[in-house]
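The lines below spell out each chain.
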Amino acid sequence: MSVSVLSRQNILDRIRAATRCVSKDPQQLPDSYAALRRDYTRHGSLSSTACIELMVERLRDYDAEVIESTKELLPAAITFQLTASGISTLATPSHLPHSWLAEGFDWIIDRGLTIQQTEAVQGVVTAAVCGVADSGTIVLHHSLTEGRRALTLLPDWHLCILHTSQVVETFPEYFDRYHQPPSLATWISGPSATADIEMTRIKGVHGPRFLHVILVDDHGPEKT
Amino acid sequence: MIYSATSRPVLDPRFAPPFPQAALPVLRNPQLRKNVAHATDVIQDKSGRLIQEKSDWQQLRSAGSAIRAHALENLGEYLEEFEARCTASGGTVHWATDAAEARQIILGLLRQEDASEVIKIETMTSAEIQLNTFLESAGVSVFETDLAEVILQLGEEEPSHIVVPALHINRGQVREIFARRMELSDLSDNHHALTAAARHCLRQKFLSIPTAISGENFLIAETGGVAVIESEGNGRMCLTLPRTLITIAGIEKVLPRFRDLEVMLQVLARSATGERMNPYTSVWTGVTPGDGPERFHVVLLDNGRSSILAKPTERQPLKCIRCAACINTCPVYRQTGGHAYGSVYPGPIGAIFTPQLMQMQHGQSLPYASTLCGASYEVCPVKINIPEVLLELRSQVVDQERGDPGRLFDPMYLGLLIANLLFTKAWLFHAGQRLGRIGARLFTRKDGWIHSLPGIGAKWTQTRELRGLSNQTFHEWWAARAKESK
Amino acid sequence: MVQCVRASLFITCYNDLLFPETGQAVVGLLGRLGVELAFNSKQTCYGQMRANTGFRREAFSQAKRFVRLYGDAETVVIPSSSCVAMIRDQYPGLFEEFGNEILRREFAALLPRIYELSELLIDKLGIEDVGAYFPHRVTFQASCHGLRSLHLGDRPYRLLAKVRGLEHSPLSNADRSCGFGGTFSVKNAEVSSAMLSVKLQDVTATGAEYCTAHDNSCLMHLRGAMHRQYAGMKTIHMAQILACTKTSPTGAFL
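Chains as they are written, first to last, in the numbering used here: chain A, 29 to 252; chain B, 5 to 490; chain C, 926 to 1179.
Incorrect hints may have been included.
In silico DSBU-like links for lysine-lysine, alpha-carbon gap of 30 Å or less [said to hold, decoys possible]: (1) Lys-450(B) to Lys-1112(C); (2) Lys-315(B) to Lys-989(C); (3) Lys-50(B) to Lys-231(A).
Covered stretches of chain A, as calculated for chain B (at least 3 residues, CB under 8 Å) [unchecked claim]: (4) 61-69; (5) 139-153; (6) 158-169; (7) 196-207; (8) 229-235.
To be clear about the criterion: a stretch of chain B counts as covered by chain C if any three or more of its residues have a C-beta under 8 Å from a C-beta of chain C, and this derived list gives those stretches [stated by the list, open to error]: (9) 20-29; (10) 372-386; (11) 400-409; (12) 420-429; (13) 458-467.
Hint data in this document are derived by calculation from the structure and do not stem from the laboratory. We put the beta carbon where it would ideally sit given N, CA and C, even for glycine.
Hey, can you work out the whole structure from these sequences and the hints?
Have a look at this one:
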């Protein structure tokens, strides 16, 4: 028996001995977990409009550039963002909607880009799975429209397309929406930053220094 | 055995001087005290404002406390669940009883990879087991990638804070370190230039070194997933680009379910850095073909945690989510900084965690490094009752001392024992007071004040005076008054 | 005057010896308010110093004695927030660990009848204006135990606001520990002094003549440094301010 297997047994034995008086019978564990009190705010109280306004405000708080658009105007909005930022070479996830690949730019579709190839592009355009207004957070589950993790990490410029129907107000609402936990997730709340030197916040250490968001109005979020 | 490849000081409770002694050089360092005060003021100010806007803050704290307590009470089940899920997703889980075993497991994995270099994300747990110096002495170059850790590594310094480890170093000092070690003699000391220097210096390492070591913020039992919460992006680099990722995790860092992050993320960012949410949180589960490392190992570390778990009150530090709110608010830490605690865990959390990790054999001065003001408990997002644990640990230290024949030579110990005897009976108490009054007169000057006392009293009078005792205690005044009125 | 309340004064060991004038002020103040005050001369200490230093068994013996002495008291008033905090926070644990069922019941019955002075005035007697006169500039240091254990909140400020002639000068960082911490002030004397020097900067910056608090322990620490440094300020317990009236400016009472 390997050392690690023996250690495993020893550690678990010690844990069991330590928690003998309080640990639940494994059958009862789900019930005792479900009984934990959660009196914090689960659901937001803002109207749809106010929720979107909050999302925009919080994104801008983090120095992300946000513009609002419609489905029809989205390709033009993408073109505008790329041109204004001087970006011409872009990586994209493999299944980004074709209509988003505006003309006049060099789109490199990720069908297995190497690290060096990803490093060489100027920017990346992706979808997202969710936005959380309370904290201005964009959530990626790294699906085929959001791309592998390296894709939104190495390029210095990231344009994220988020639809208003994807926006929730509170963090618990995001977790309510996704009962099936993702195996990969990245929560992005602004570009990378550090305050390690004299507590002065500096944007852009590693990861994209420039985060742009186009918020597409598709008549969401749904609010009761 | 301490592995020390360089002359860099080691934060090791087995060898660190007692807190009162360790604090002395810091107290005489105005620059460091100013740096610490400034940094903690900034975080507290930001944090306070954001907590104020959260109307359900207290409910979040309660839930956070309940979730962490529940996880600890059922730790065995949740660790096994985590192991099964992580393994099913392509990860490999290792168990390490102590620091030495963890180091050997990690070195063994690096040897399997033929790795002579690793990139690393800051992790308290790796500092706890002194991993870096061990790997360096085994011929593996370790490159820290958090800006603060880069500063510390290049400056051959030790961390003094959990979240902002280089908080005690100011901009000019960082500039000097970078200019010297990165050979950038023209480097300016503005924040942007310094950050850009670090970014440039690390970029090639991220892109080329195929092995990374990380810590984690949470292990998720339900999915076998691991969460890392960060600001700079170096974490995402280390978690995503290398071929092999080794994550070291204390066994206590388990959350039962993925959704428990809804509480932890909200409280951690606000408490740690004064943000509604930190820039990047990454969650990954085992190995995902085509996205990220091909090989993923988790090393679960006990190193004394299972012993701490056995005691209901004293186990509270295991709830810690490493936000450092207690450190930021502590008025003792504000004056001493982190190094005085002689451990990688400074401040109030260090005072209750370190001695217990050492099975109360070292760090016994740490539970006394507190005025019990309660500020730490007030800010802890998972409601660790730090004063309560401090008192329990003090009681354990005293119980140890009871068995020590030399204890009667300790004036504090002796004084407290005598006091206890005097307090058992009113007449003894009053007699003691009368004796005290006579004794005090020997030291009372013409101005009616005691300016200097011998022995342990000198500790008071070195910076403070004591008003001389009045001729009548309160109870004597009361008795005289009662007599007069008859 | 209030409907007759009977209270027993627990002066605390250190006030008895070091600050008898605080006890005298409590007597004068409560007498003026019509409280029938008793004093059990058998009292000694309630065990804080021992409990806080880790001598739990010894602290319990004091706790037991305290409960036995005051079991019959209608109300117990203590002019020390740290003492009341210790009784509320630590006695339950001590009785749980070392006591028996009878003692635990006795303590549980006594606990709600124990008041810190400002709690007695505001919560029990319903008074904020005690008829005090103290024509000085005063700043208030919120003792940690009063703040975080007893949650005294704005009680001290409400009492000070009603003192005629008193000008209140707010203290910056009032909720930050002064560095006393009982035996901490000796075991970690240098750190304690560093914390004290920072606190003293805030206190003297108020321009007040007096610094007051609910605890003579904090005040002793502050005053000791003020005197050493010729700081031009004094400390005074809240009870002594409240005891002063126009006709009795130093709180004299016989």
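Check each numbered hint from earlier against the structure, then list the numbers of those it violates in ascending order. none
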